[in-house]
Every structure is written in C-alpha cells, then in structure tokens.
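S.K.: Letter by letter, the chains look like this.
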Amino acid sequence: MEALRQRARELLAAGTVQAVLGYAAGSEPDRARPCFVRTAAEADGLIWNEHCRQNLATYLQKPEVRALGRLALVARRSTLRALLQLAAENQLADGRVVALFVADDGAVTELPTLAAIEELVARLPRGLSDADRQELDRIAALPLGERQAYWAGEFARCIKCYACRAACPLCYCARCITEANQPQWIPVSSDPLGNLEWNIARAMHLAGRCVDCGSCSDACPEGIRLDLLNHVLAEEARTQFGAEPGYSVRKDYALASFKPDDKQEYIR
Amino acid sequence: MEFAVSAFEPKLVAFVCNWCTYAGADLTGTSRIKYAPNVRLIRLPCTGRIDFMLLLQAFGKGADGVIVSGCHPGDCHYTAGNFHARRRWTLFRRLLDFVGVDLRRVHFAWVSAAEGAKWAELVNDVKTKIQALGPYDAFPKRLDGRPQPAEVA
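Keeping their order, the protein sequence lines are chains E and R.
First residue of the first sequence? That's 1 in our numbering, and the numbers climb one at a time after it.
First residue of the second sequence? That's 1 in our numbering, and the numbers climb one at a time after it.
Quick caveat, the hints were computed from the structure, so don't treat them as lab data.
Mixed in with the good hints there might be a few duds.
Taking beta-carbon pairs under 10 Å as the criterion, some of the chain R residues facing chain E (in silico) [claimed, not checked]: (1) L27; (2) G100; (3) D125.
Predicted model, so just to flag it, every value in this text is computed and none were measured.
No residue lacks a Cβ here, since even glycine has one placed at the ideal position from N, Cα and C.
Please work from the sequences and hints to get the whole structure.
M.R.: Structure follows, in structure tokens:
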C-alpha cells in the first residue's frame, strides 16, 4: 500500500500525471470507493485491499475525467484488460493513462504504455476463479425448466437501475438501446420480459468484448450474478471464434469478423 | 355438422431475408406446394439485420416458435451479412440456453430462392415439433403492448 502511495506521490510531484485514480476507504470497512488524487499530499488516502474490486477503467470515457488530463490508474488484471480492449476499440489513446498494476503481494508495476500493459497481461494467469467456475457449471447443469426458473427468479429482482451498465468499462455508448424509444426495445418499467430482454441485451452487447472483471454483478444492488452471462458468452466466443478480448490492442472483435467455415451444425 | 377437436396450432414467426428465403417462400406458393399456415413471415433486408432482440420480441408477443432463415453461406446479397449473422446466432443460442430459453423453439436454416420445397418442409417440420412441445407459456409475455405484472416474490 505504501509503495502505491509513494508511486502516486512521485508521479504527481513530477507532473507526469495530473491525477491518480485509485481506491480510498469506503463507508464500511468492507467497501472501497474510487477516488481522484490530484495532489501529492492527498495520496495518503489511497488504499489497496481485497475490496478494491471496481474496474476503474470505467471512468476514462467520462468527459469530466477526460478533462483532467493524463491519469494514473490503479489497476487489477481486469483493469489492464479493459484498457487494452478500450484501445482496441479506439477509445483510448496510447499514453493517456499510466497504469499502476498492483500484484497480489502489493508490488506496484508502472505501465506507461499500452505495449507495456500488453506484455504484462500476457504473463498473468488467465481464466475464471474457482468459485465462478463452480457456479457457472452448477447453473449450466440444471435441467432446462430449473434453469429457466432460476433466471426468472433472478431477473424478477432486477429493478432496472442500470448500475451494471454504469459500472462496465466497455458499456460506453453515448446512446444506449435502453434509452431508444422509437421503437421502445426495452420497457422502462420492470416487468419479466423487459428484465429478461435487458439482461440478455446487455450480455450480448458485451459478447466477445467482456474482460471478465465482474464489476456488473458487484454493482448490482440485488446481487444478481450478471457476470455469469458474460462469462458464458466469453467462453463461447473463445472456443468458437478464438476471441481473446483485452489481451491485445489489435482490433479483433468476434462479431465483426467471420470465417467462411464457422461452425453451423445447428443450421439446416 | 361435426368438427374435429382442433389440436394446438402453434404460432410461428419466421424472420427471413428478402433475397433468398422470402423469394424461396414465394416459390413455394407459385409451385402450389401446400404447407402449414401457422407461420408469419417477417421480411428483412438481410439475416445480418436480424437483431437478437427481434427473436425475444416475437416470443414476448406470443410466438411459440421462431424460424430464422436466409441465404446460404456465400450467397449473401450483401456479400457477408449471413456470415456475421451466423456468428451472432452461435453466441446467442449459447446465452439463450444458459438462461433457460428452450432452444427447441428456435430454428435456423438456409433456404435459397430456388428451395421452395425445402421451405415447405422446414415449416411443416417446425410446426410438428412445436405442436408436440405445446404453447410456450414459460416465456414471459407482453401481449397487447402491456407487460405482465411482475410476479410478487
């Protein structure tokens, strides 16, 4: 934690960055909140623990954050992947962000360029956590009726607050399908079909792009495991089309490309 | 006069592309091939235009089965629309299955403008299968533009 604060102070004092976006203590001991550190003195407020889970890359697209200038960003593995995916989608210029990657042992690595991020991410372990994997397999193994009932029950709790969208680093469209009302694709109120449509649409729009940070389900006030929908699609996009979002700045969107011999045994 | 007790007649919605399947279905008619009248065709410019939301809306408005059909790979009027659509469907099917939507009710096919007979066969086959499955009551509905009230947990 001290290494992180020290690095933040140095970057700010040297004028390399105008602000450091990191985590500060939240309202409860088991919470962390994002914080913008603009002077070296404020860097003492930065913390790092297991509750620092939110993907801070989410803030980069906001005009008021863009206006701050060059940023340093306290990063987890998925934050780095989000940065690469944003760059691949032409949403992030190289050098706009200095990533401060914090390893499990607290060591801080400064990554000033996208190339440096690519190199580091390639060395990090991949894949879902064991808990996520188990939950995914458990639901996938349920019989159809029970699976339907499980998700109907989950989606019935959805209050359409769109916190999942707001928390997602890759949900950056200025105009979202949820706000389209000519026609109204997704009803404003919370009804069973609309909730299903919203959650499917959100997951589909991230198919082949999601970097598995889990910020959507962390942000969900109802605790719906939205990230599982994304994991399922990510896995399918990887096995079917070799999609590896967030590992390279090369644009390679599975749904914007194709191979003539893509799988089609379900089409007659 | 006596009427047989009518079996369940499923509502099928077919999203078809303008250039191949719609013309193919036309050929079915001009060839005087009879097929199940349960299907409602919705003509779109290309399978690439068939947003996954359309399928959900069809079920939400009371469809018991959905058919999606367009040009064979390589025959797309817009060169590659069906290739892109195919990738989208592959992912979409996986997600539908995971959230518990019955994949036996979603059918994909390539039907060219010359395959009038294949179209009739396809619709008849889907109709028989959906008939066996019965109405799709498990899917949430929004009939007459009104949402079902949310169930009180």
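S.K.: Hint by hint, say whether it matches the structure.
M.R.: Checked hints:
no.	hint	in the structure
1	L27	violated (18 Å)
2	G100	holds (3 Å)
3	D125	holds (9 Å)
Going down the numbered hints, you'll see the structure goes against just number 1.
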